[in-house]
Amino acid sequence: MTSGAAVAGTGAVWALPGQRRSSAATDGTTPQTDPVPPPSRPGGGRAAPFGVTTLETTARPAAGNGYRRLVSGPGWPVAVRPELAAARSGREDRRTALACFVQFTDMHVADVQSPLRTEFLRARSAGSWRAQEALSVAGSVSLVEQVNALGGGPHTGRPPAFVMSTGDNIDNHSAVELEWFLTLMSGGRITPNTGDPAAYEGVQNSGLALYWHPDAGLRDQDKRRGLPRIPGYLDAALRPVVSPGLRIPWYSTPGNHDDLPGGCLSPHDPVLRDYVTGARKLFSVPDTDVAALARVLETGGDPKSTVLLEILRRNAAGARSVTPDERRRMVTPHEYLRAHLDPAFAGAGPAGHGYSENHLDGERMYYSFAIADGVIGISIDTTYRSGHYEGSLGSEQLAWLERTLAAHSARFYDADGRPVRNSGADDAHILVFSHHHSPSMTRRRDAARTEERRHDGEEVIALLGRFPNVVAWINGHSHINRITPHPHPTAARSFWEVNTASHVDYPQHARLIELVDNHDGTLSLFTTLIESAAPHRTEFDDLSAVGLASLYRELAYNAPGLAAGMPGGVHEAMAGRAVDRNTELVVRRE
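Numbers -19 to 570, taken from the numbering used here, label the letters of the sequence shown in order.
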């Protein structure tokens, strides 16, 4: 399915003296944070020689038309953002480090042979299927290797204490994808193949010119656009990969693709559940069916999957035989949580990666955790469980969020704007994490949670603005680098929203984030983009893990225009403006 950003998708911790190490999370039932030291884990070797950030170098397309190779270009400078507070001179000499961590988002680890995938939507929009998707595991492992190679933040020298993955960790809401994601984050061997263990059974050897056939001589539509022929590609893509796992703790936040089949469909239909693990798969359908499904996916107007189920029924005779695989089954919220709690995926910790046994009761996927002394993280669940790619918060979770914010704020404002003093609070700086960014959050009813009202992005912004300790809201979903100031007439009530591009579509970024105290009444949040450890250029006959990870990035750049609402220059646009990339975000704190 395609990206959840638009429609259903095709598819050892360092501390300064006196500071505690990364901690366990609370379970979402109480705002208190109860830190415990994480276990250590030895890391694996690296496959590529980078360990640098986009301050030094970035992948850039070579000159030319058609298929464009990537080369190493100059880095991106730091853009100082003073919209919310003045960037005062001398702050570089005054500042002290408070926290450093990495954000992953929208990795979309994909089983590209799943019957759930609707690659046939490409007949309507070329960007509805990604040529690079079979390399999602290799590309993601390379990102893990890059984080393991980072010595410290470029502005503070402080090594990152943890990674937060802000959702769409997987693509098809399947058990096998979840296993792959947890393994690549925590370390181990992954074989990114399902169905027939000895053969690929997907669209890329189907004989249909609609899809790129890397191994074959077929003149498909992508080869006409310049994509290369690469004999042995599919075998290499399905080859076992060993991830060293992150050497630092990591936390998990859910996205719509983690929670829903295709990122927007109902997970409750028994026919769809059987189809996903079954022996038939649609590779193409009539144009009328393509148009019908595209219309409802673009609007999220078919949460019960009625249109898709009718298309499956009507085209059953034209479906191709594939090897059934029970590992493709859709996971329930309980299973998703239980998998994170599995000791086999403990990695560098913390146990549960934000979740605890208490989360299983009520299947809550929100929690708070200690980032560092005086810095608190809050992870919220913005998904619609009944089926939709948009996000929201229910009233119960919104009330929990308000209580948690208050527990860490010595002063804040009530809903009517009146100041409130809270002498029992620890008065910490607060960072909020979610999958959805504010523009993608709505108030539509969630049929899976009909007893409560839903709340949109503007309501979340209003709530966060009542708490001066909130520094930033960090999220994904859009697949675009974009940083938005949320100002308030009372300057200390302003905060930043940091939205980060995906690691499946170009530019395949993650963010290295550093929080510092400027000791002048302001804080600065540095947001430095990083790429995977793979070199920017590879040879087409290099089918090693490193070569595949490099090719993953290059194919993403050369993908046709994605359904992201951006005509022409879509890939450069997804990298964001200079003020959305490597930045210093200044915010007032009294």
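Watch out, some of these pointers could steer you wrong.
As the list claims (entries may be wrong) - The calculated label-pair distances, taken between Cβ atoms and stated as ranges, are:
1) R74 <-> E519: 24 to 34 Å
2) R48 <-> G404: 54 to 64 Å
3) A59 <-> L321: 34 to 44 Å
4) E343 <-> R104: 44 to 54 Å
5) R309 <-> G342: 46 to 56 Å
6) A297 <-> E376: 40 to 50 Å
7) R205 <-> S69: 49 to 59 Å
8) N402 <-> R74: 21 to 31 Å
9) D195 <-> G53: 23 to 33 Å
10) V60 <-> R169: 37 to 47 Å
Calculated directly from the structure, the hints in this document are not laboratory data. Glycine is no exception: its CB is placed at the ideal position from the N, C-alpha and C atoms.
Original post:
Which earlier hints can't be squared with this structure?
Top reply: 1, 4 and 5
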